[in-house]
Each structure stands twice: as C-alpha cells, then as structure tokens.
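S.K.: Numbering (this note's numbering), first residue to last: 1 to 77.
One should not assume that every hint holds.
Derived pair list, reagent style SDA-like, types lysine to any residue, alpha-carbon separation capped at 20 Å [said to hold, decoys possible]: (1) LYS34 with HIS21; (2) LYS63 with VAL16; (3) LYS34 with MET46; (4) LYS34 with PHE73; (5) LYS63 with MET46; (6) LYS63 with GLN50; (7) LYS63 with ASN48; (8) LYS34 with THR24; (9) LYS63 with PHE73; (10) LYS63 with GLY27; (11) LYS63 with GLY18; (12) LYS34 with PRO53; (13) LYS34 with MET12; (14) LYS34 with ILE15; (15) LYS34 with ARG54; (16) LYS63 with ASN13; (17) LYS34 with LEU71; (18) LYS34 with PHE11; (19) LYS63 with MET74; (20) LYS63 with GLY25; (21) LYS34 with THR61; (22) LYS63 with ASN17; (23) LYS63 with LEU33; (24) LYS63 with ILE20; (25) LYS34 with TYR67; (26) LYS63 with VAL47; (27) LYS34 with SER72; (28) LYS63 with SER28; (29) LYS34 with VAL70.
To be clear, the hints were calculated from the coordinates, so they are not data collected in a lab.
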Amino acid sequence: MGGASKWGAFFMNIIVNGNIHDHTGPGSLDVLLKELGARPDAVAIMVNDQVIPRADRAGITLKDGDYVEVLSFMGGG
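Sequences are here, hints too, so could you generate the full structure?
M.R.: Following this line, the structure appears as structure tokens:
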C-alpha cells in the first residue's frame with residue numbers, strides 16, 4: 001500500500017498495463033508518463049476503465065490501487 005516514505009516523499013502502488021508500478025510523486029498523470037518514458041502527445045490513457053481526454057489529464061489525481069492503461073499509437077502497413 002502507498003503512503004509516506006521515511007524520506008517524506010509520497011508513493012503509491014498503481015497498476016499500469018497490468019503490472020504493479022511504484023509511483024513516487026503527487027499522483028499526476030504527467031508525472032506518471034514521465035516515469036514511464038511515454039510521450040504525452042502519443043498515448044491514450046484510461047484510469048479505472050474510463051478514457052481520460054488529453055484536455056482533462058491535468059485534473060486527474062491518481063490514488064493508491066488505481067488501474068491505468070497507457071496505450072501507444074503505432075503506425076505500420
């Protein structure tokens with residue numbers, strides 16, 4: 001479970017694409033995408049089975065135990 005570490009930083013366990021991810025930070029999607037090395041302009045995001053429009057991402061705060069899907073777009077032929 002998440003909480004404050006002995007150094008005072010906040011952390012939480014969230015599920016990202018089916019895998020446990022130890023997220024350290026304020027629980028923002030922007031910080032999570034940076035942790036994952038994902039380009040915010042090149043992914044779609046779902047939190048707890050709800051699609052999050054790009055314009056709404058800044059207003060979303062993740063919580064311990066949330067399920068996040070980060071979907072990357074691929075081109076090809």
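S.K.: For each hint given before, does the structure comply? Return the numbers of the non-compliant ones in rising order.
M.R.: 9 and 19
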